[in-house]
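Use the sequences and the hints to build the structure in full.
Residue numbering for the sequence shown follows the UniProt record's numbering, starting at 1 and increasing by one per position.
Simulated from the structure, these hints should not be mistaken for laboratory data. Be a bit skeptical, because a hint or two may be false.
Stated by the list, open to error - Listed next, the in silico DSS-like pairs over lysine-lysine satisfying Cα-Cα at most 30 Å (straight line):
no. : residue 1 : residue 2
1   : 51        : 34
2   : 228       : 256
3   : 277       : 386
Predicted model only: the values in this text are computed from it and were never measured.
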Amino acid sequence: MKDNFIATMASCCDLPAEILEVIFKYLDGWSFSKTKEVCKSWYIITKELQKDQRLWRTFCVNEIPEGVIEDVVSFKSIPFKDLIMDWSNVYRRWHKGKMIKSKNFLIKNIQAFCSNPVTCMKISGSWIITGHSNGYILVWNLNTGKLDSKHRVHLSTVTDMALVDLLNLDSYYGFKDLPWSHHHIITGSKDSSIRILSLLEDIDYSDHNLFLNEHGDAIKSIRIFGGKFVASSRDNTITLWSLDVKKKPSLRVDAKLLQTIIGPEDYLLELGFWYDKIYCISHANQLYTYNMKNEWLKQPYFKSNWLEISRRRFIVTAIRVFRDQIIIMFTACAKMIVFIDERNYKVYFLMLTLHTPIVSIALHGTILALGLENGKLYLYYIPNNKALLELDLACPTFQSMLSEASIVSVDVVYNYDSPTVVASTTESLFVVKWNKSRFDVSH
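Shown next, in the form of structure tokens:
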């Protein structure tokens with residue numbers, strides 16, 4: 001058997017390069033990246049093929065599920081014909097989501113907040129941006145844990161933030177290890193204002209920062225997709241904005257108000273935005289989608305499913321929405337209810353599995369992150385939306401006891417070398433990274 005195997009491998013190595021190129025294109029991206037380890041001739045052929053972004057684009061489209069790929073490239077429409085996109089980097093980042101194991105990891109603790117607790121948090125490249133109850137945002141170096149800068153951007157609590165990358169920044173500049181993965185950040189506040197701030201310049205002295213004031217009450221949430229973003233307010237209004245990048249004389253973003261939308265009659269509670277679709281959950285637990293005729297349309301399937309669930313007398317305490325109408329609800333009796341489409345949902349009993357309520361949640365790419373009231377961080381590998389209905393909550397892919405305090409915010413980013421998860425209490429940040437391992441996809 002061994003002699004036959006060696007003979008087969010030798011004959012494969014002797015195949016003409018043209019035939020090998022055809023064969024390699026039928027592999028998945030992971031297998032293709034390893035063909036250069038077989039022999040010298042395969043190494044030469046593979047190294048040349050790896051420069052073909054069309055090939056990596058095919059791997060991405062075929063292997064990365066819809067919804068996940070948009071997450072990995074920072075909530076952008078997928079430009080399937082755009083070869084400027086570094087598709088090999090997209091594939092690498094997605095594949096490294098499998099690195100979240102309970103080994104080969106490092107946790108860094110950053111003492112941070114004291115009298116002004118964190119209210120929201122985002123990661124971009126090598127930086128962590130935290131929003132605070134006093135209207136400040138703080139920028140932390142993810143690698144050193146040091147505070148880099150502090151900026152007063154609002155008069156009251158920063159309620160939400162969204163990151164902007166309309167250029168595919170690493171592909172645009174041609175570097176894999178840029179300090180920032182985004183060029184601007186959008187912030188909303190209880191002072192009813194929205195700010196758009198440049199991350200590539202000194203925030204306090206940039207001439208290109210924008211101040212938007214179209215709402216009459218506190219900003220509740222900001223959602224971005226591609227070149228548009230939406231913001232919801234406590235006054236039951238939603239504003240829809242377009243973003244336009246100007247590259248000369250220096251990089252800046254202009255914002256144009258496209259529409260002001262009055263929310264549903266039973267008042268919006270949580271906002272979703274995916275491609276050009278605006279949807280929301282109301283205080284009456286109705287799911288609405290907004291059409292171009294200035295109408296909110298009820299989704300009857302959600303109401304019927306909710307009526308079935310509500311017979312158990314659940315009181316909803318929090319709702320989060322992700323991607324295209326993935327809805328995750330939390331109840332007063334420590335249940336988590338997950339809807340992935342019009343037919344499929346699952347109720348999880350948290351006290352039977354986690355023995356504590358969930359305080360914060362993030363779903364990004366293939367990683368579901370749960371921040372728990374008892375200070376634990378649980379991560380689950382989610383290859384596709386259906387996996388959200390098949391969770392074994394008691395057996396996470398990764399878990400760690402980070403603090404005695406509740407994890408109030410959590411975020412996930414796909415950096416070039418590994419996925420990074422940042423969790424925060426009101427006073428500390430915890431950075432979790434994984435070391436390079438067998439999950440590396442070499443280019």
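**Asked** Can you name, in rising order, the numbers of the hints this structure does not satisfy?
**Response** none
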